[in-house]
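Trainee: Below, each chain spelled out in residue letters.
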Amino acid sequence: MIDRRTWVPVAVAVAIVAVIVGLILLGRPDIEVASLRVTVPDGAEQLELDAAVYRPAGASADDPRPAVLLAHGFLGDRSGSDAQARRLAGDGFVVMTWSARGFGSSGGQVGLADPDAEIADVARLIDVLAERPDVRLDAVGDPRVAIVGGSYGAGTALLAAAQEPRLDAVVAAAGWHSLSRSLAPNGVIGPGEVAPGVLKAGWTSLLFTANALPADAFDPSASGTPPDPDPDPSTLGPGPEPEPGPEPGVDLEGGPRAVGNGGLDPCGRFSREICEVYLEVARSGVLTASARAVLDARSPAGRLDAVTAPTLLLQGQDDTLFDLTESRRNAEEIAATGTPVRLRWVVGGHEIVGGAGSDELREETDAWLDRWLRDGDGPEAPAFTWTDRAADVARDRDAPPDGPSPGDRGARQVLAFELAPDGRLHERDGAPSAVSDAPRSVTLSSPPGGQPAALSSLPGAGALVGFLPATDIPGQHVAITSAPLTADATLLGPPTMSLQVGSSRAGDEPEEPAPPEPDDPPDDPVGTVLDDGGEARLFVKLTDVAANGSTTLIHQAVTPVRATSLPGELAVELPDLAYRLRADHRLRVTIATTDQAFSNRIDGATTSLVLGDGAAQLQLPVVASVTPGVRLPVVAGIVLAVAALAAVVVSRRRGGTGWGGSSGGVDPVGRAGDGVVGPDPGAATGDARGTAKLREPPPIAIRGLTKRYADGHLAVDAFDLTVGRGQVMGLLGPNGAGKTTSLRMLLGLSTPTAGSIRVFGHDMRPGHPVLGRVGALVEGPGFVPELSGLDNLQLYWRAGGRRSPDEAELPWALGVADLGSAIRKPVRTYSHGMKQRLAIAQALLGRPELLVLDEPTDGLDPEQIRAMRELLARLGDEGHTVLVSSHLLAEVEQMCTHVAVVQRGRLLASGRIDELVGAGRTVVVATDDRDRARAVLARHLAPGSIEASGAGLAVTLGDHDPADLVTWLVAEGLRIHALTPRGKLEDAFLSLTGAPASETAEGPEPIGPRGGPGGVT
Amino acid sequence: MIVELQRQLRRRRTVFGLLGIASVPVILAIAFVLSGDGANGGGGDPTGLFDLATASGLNFALMSTAATAPFLLLAVVALFTGDTVSSEASWGSLRYLLVRPVPRSRLLARKFAVGVLLSVVAALLVPLSGLAAGTLAFGWGEVQTPFGVLAVGPALGRLLAIVAYLVWSSAWVAGIAFAWSTVTDAPVGAVAGTIVLVIVVQILDAITALGTLRTFLPVHELTAWIGLLASPPQWGELTRGILLQVPYLTGALGFAFWWFARKDILS
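Residue numbers (this note's numbering), protein chains in the order written: chain A, 603 to 1619; chain B, 295 to 561.
Just so you know, these hints were derived from the structure itself, not from any lab.
The beta carbon of each residue, even a glycine, is placed where N, CA and C say it ideally should be.
Careful, some of the hints might be misleading.
[As the list claims (entries may be wrong)] For the chain B half of the interface with chain A, some residues (derived, Cβ under 8 Å), not all of them:
1. 300
2. 303
3. 326
4. 386
5. 393
6. 431
7. 442
8. 508
9. 536
[Unchecked claim] Each computed SDA-like pair below joins lysine to any residue, with the alpha-carbon atoms no more than 20 Å apart:
10. A:1427 - B:305
11. A:1427 - A:1412
12. B:557 - A:1085
13. A:1427 - B:306
14. A:1427 - B:386
15. A:1427 - A:1475
16. B:557 - B:436
17. B:557 - B:395
18. B:557 - A:1313
[Claimed, not checked] What follows is a list of derived Cβ distance ranges for each label pair:
19. B:328 - A:1460: 55 to 65 Å
20. B:507 - A:717: 24 to 34 Å
21. B:407 - A:615: 27 to 37 Å
22. B:434 - A:611: 24 to 34 Å
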């Protein structure tokens, strides 16, 4: 049967599912992708770039959108930007991706972000965008456009921003500032001219051989743009298949290159210029001046003052290709002209722009584009945010950390250490040489041929690096460790070192370390010429040593130090740190002569370092640590919640018995709260106990009680009843008459539709305190099945307010129940009769003044019924009031002093039993001749006292004795077969209800029109 | 309230529920010990704690807490709060409890308080039993977390804070189960229905296509307690999770009290 209880939850469930499916379907953006070829000038000729435009549905000439140029990274082509392009198009931008020269199916050769080639191409792409009707224009030929790129794409973006004023926003992730510094760094910053740096052999060989091999030799998802790590599956639908790149080694323009199996042309698709630079650098391991010039021409350094577009710079803190200093210098140069710039450092290495990009990159990019391309409102992002890896939380600051500037060392906070020959880093408080050991020279050798070399990191290995055992080769390095720190130290900015390096002699020369002369300036200021002191090539690492001995190479950073004017005191600047050194951790400085990631010297030289007495010092830039405490909203929320709770509790206490009052009030006349009423003038108690009782309110006074159910059935219809003290009132009526419903309302279990109920003068409502004087048995027993009968009674008594167990009169109640030892067994083992007796005992707990019993004899045997009868009579005599409801006439007649007859929810009559039925008695006499008997009796009795009843006569005797009846009949010769008294109440009942005798016999009522819908009795 | 507590404590389902959830860490400990040193967390571990479970007793307690938090604890909470009122209705004893000089709201409040108390006990039993089993199996020691190492003292404090957060995060389950139990007469309906709702909400939380709607689901911030293991502990991350429970709890409880006060008790 489908009724309300079934289809409502089903309908709700169906509705929820429909809403969810609808949301998913609606959330799918509608994007059109069109690929195109863009022709760009290449010297005197032209070449074609492979590009694609992602257009959101709804973009048109009437609704132009801002545009985004997505540049890709160094491995792969525009197909790597596909996911992010779709996502940005879904956000409402018109997105253009293209394969740079020499990548994918674009023509040309890789010029490595050549301003005259690749960067000039960007201008042409912007022209294409400006011609589109669905792109928003700031001016004729000037679209509202941003450029977004990572790694190679970032450099492209920054150089393009410097060269192309039409760009309105820039997002550059993991980009470079100076390509020569990134590929061949040298930590030395002075004094004098700085020697050329040491080539990052690992990275450069990886990058330069990449384009000589097929694209799928490397991770195809490692593209250059900040990707979407959580692609909407609905957008990975039909789109143009990314076209496979040309065969490796096949040049679209320029001459044919060497191809064929096993013969890889190392130049691949690089331009001749770049190829020559690489080959030269790879052979010598050193950047020549011409090579440096080529790389500097392709670096944003020195060009960024022309950038007017607001720029977002993102960098991974563990990036070993382009470290944090690169991004900081970019930010400083752009900010110097007042252009808005935001610098964000995130956890991760160079791989953050690869397939496994992060949520942060996506959020930052979206927010930046929204703000600057769409004039979005929103809180201004702080200028600089870095990520405290140990706490996994981002920290904002107003400005990037300061780079070194000679004049203002004093303004910064520094944590200064001195490197001592005893292998310890001693903290210095600013006072020079608080602890000094006698200076000593430490000799480090570098292996001939450059192997074995220390292993610190692998380029591009990203997250795997933590699992590699970093090794330092004995004899090649010196590791100087501090004592455990007493407090956390947050390091932000570039550390500086001063190192005193002695001579560095090749292995076949006599080892004769020169004595340290820190006061003599070096003789030869020109560092590029190998002089008598030789060349020093060292690698400096900072390591965080935990209390349990595990080490972390801070930012995976290894800084090469190369100097050729020896012996000398070198000023070294290490790459920027964004790191919190925790208390109990130790800092270790490792200076080694080799490192796998760099180009190592092969001449097997030995180098001497001077330690102690201020010869070697390390200064770390420190900022104040901010420990996030409990946030204010949490505290405020808790305080508010507690205050609200307290207010509620206090108001409940003051408002008396609480919630039930406002809703359960029974009195429709508007008597709010607890109205105590005096004697009820309408009471027809007929009580013979004297007028004193009339001054007290009657135990039960019901007026006009009506209950109509939601389906319209009228269960109780203007019911009036008054029960006086000491009365045992029987509520008599067939099933369905509304007896139980009335009792429920009397006890506060149901709410009447109309009418008033007063118990001891108090308006009844659920949980009213007057219920403490009431005991009830309604609709059968109800107990916790697993507990014993005794436990049930005890817990029940104690659940009702603050009443002590002594008041319960438990022994007396248990005596009434008469269960014996079964009282300690669980209730679920009881029979129905036992439960009924226990329920009666529960109602009797505390000897209540008013007892309300609904069908109390149900399930009891005759012996117990008789016992109950006696009990109720006794209670009545003691002054207790009892209200018993039943449909069994004989019971009511035997148990009660008063009776109220109910039918179909209406009260038909109420009063004393004897008053109700009159003074006479009735007997039924069966004779062999009814008519003659009737005539005989009519002579003696009043007319109307004789009626036919079945086969015999019902005779109302009045004052006569039944013996007289016998005498009269026998005197006439009639034989008497039977003489039985007829229930008086039965008479009254029958006359009142108008029901034939057979229907009111003891037993179950037929379920007919008189019985209402189920459960209403 | 003591009376109500006694009433509930002696029931079989209370004892079995508490014993059941307390036995989960013991079973896990046996599993880890038997599977040898090669045990790792396997798939489906969002916290990174499963790999470190055998490092020490405290680690194991943390891992058991993490394991029971997403579902089992919520199911037990639903059991303790969803069963209270409707089971009384099904036995027929609810009407007798209401024919007392005690307002309906106070009765309801007592029942809810006892349900919550039992839920808290259940939530505490998990780390306690995990601590006992873990210490027996793996020894006592400092805690290794994905963020580093914690000493024993602070780790115990963090564990307590994590349990408190998890208990609060189950407030919505308690509220909805309780409200349901005031509506229905069948305790199975309230408890099982709430458990099904928990599962459905967890599934919804995993559907990323719903976007920002997911952030309003009450289970969305369930795993934010991981921040408490960091050094220094990230209290602020839990803010949203704490506030997220408030509307659900107040809505469900408000409905339960309002409905129960007006209801005709027909059971």
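Trainee: State for each hint whether it applies.
Mentor: Verification of the supplied hints:
Annotation: interface hint on residue 300 of chain B holds; nearest CB of chain A at approximately 6 Å, less than 8 Å. At its closest, the beta carbon of residue 303 of chain B sits 11 Å from a beta carbon of chain A; the interface hint therefore is violated under the 8 Å criterion. Because the beta carbon of residue 326 of chain B sits about 22 Å from the nearest beta carbon in chain A, more than 8 Å, this interface hint is broken. Annotation: interface hint on residue 386 of chain B holds; nearest CB of chain A at approximately 3 Å, less than 8 Å.
Of the supplied interface hints, the one on residue 393 of chain B holds, with its beta-carbon coming within about 5 Å of a beta-carbon of chain A, less than 8 Å. Of the supplied interface hints, the one on residue 431 of chain B is violated, with its beta-carbon coming no nearer than about 21 Å to a beta-carbon of chain A, more than 8 Å. Residue-level restraint check for residue 442 of chain B holds (minimum Cβ-Cβ distance to chain A is 6 Å; threshold 8 Å). Interface hint at residue 508 of chain B: violated, since its Cβ lies 11 Å from the closest Cβ of chain A, which is beyond the 8 Å cut-off.
Residue-level restraint check for residue 536 of chain B holds (minimum Cβ-Cβ distance to chain A is 6 Å; threshold 8 Å). Taking the CA atoms of residue 1427 of chain A and residue 305 of chain B, the gap is about 14 Å. The hint holds against a cut of 20 Å. Among the hinted pairs, residue 1427 of chain A with residue 1412 of chain A is consistent with the structure: their alpha-carbon atoms are about 17 Å apart, no more than 20 Å. This hinted pair does not check out: residue 557 of chain B and residue 1085 of chain A have alpha carbons roughly 72 Å apart, beyond 20 Å.
In summary, the hint linking residue 1427 of chain A to residue 306 of chain B is supported, as the alpha carbons are separated by about 15 Å, within the 20 Å threshold. For the hint pairing residue 1427 of chain A with residue 386 of chain B, the CA-to-CA distance comes to about 19 Å; that is within 20 Å, so the pair holds. With a C-alpha separation of about 31 Å, the suggested pair residue 1427 of chain A and residue 1475 of chain A falls outside the 20 Å cut-off, and the hint is violated. Among the hinted pairs, residue 557 of chain B with residue 436 of chain B is inconsistent with the structure: their alpha-carbon atoms are about 54 Å apart, more than 20 Å.
With a C-alpha separation of about 17 Å, the suggested pair residue 557 of chain B and residue 395 of chain B falls inside the 20 Å cut-off, and the hint holds. Using a Cα cut-off of 20 Å, the hinted pair residue 557 of chain B and residue 1313 of chain A holds, with the two alpha carbons roughly 16 Å apart. Checked against the given bound of 55 to 65 Å, the beta carbons of residue 328 of chain B and residue 1460 of chain A, roughly 59 Å apart, stay inside it. Separated by about 47 Å at the C-beta atoms, residue 507 of chain B and residue 717 of chain A break the suggested range of 24 to 34 Å.
Checking the proposed 27 to 37 Å range against residue 407 of chain B and residue 615 of chain A shows it holds: the Cβ atoms sit about 32 Å from each other. For residue 434 of chain B and residue 611 of chain A, the Cβ-Cβ distance of about 51 Å falls outside the hinted range of 24 to 34 Å, so the restraint is violated.
Consistency note: the structure conflicts with the earlier hints numbered 2, 3, 6, 8, 12, 15, 16, 20, 22.
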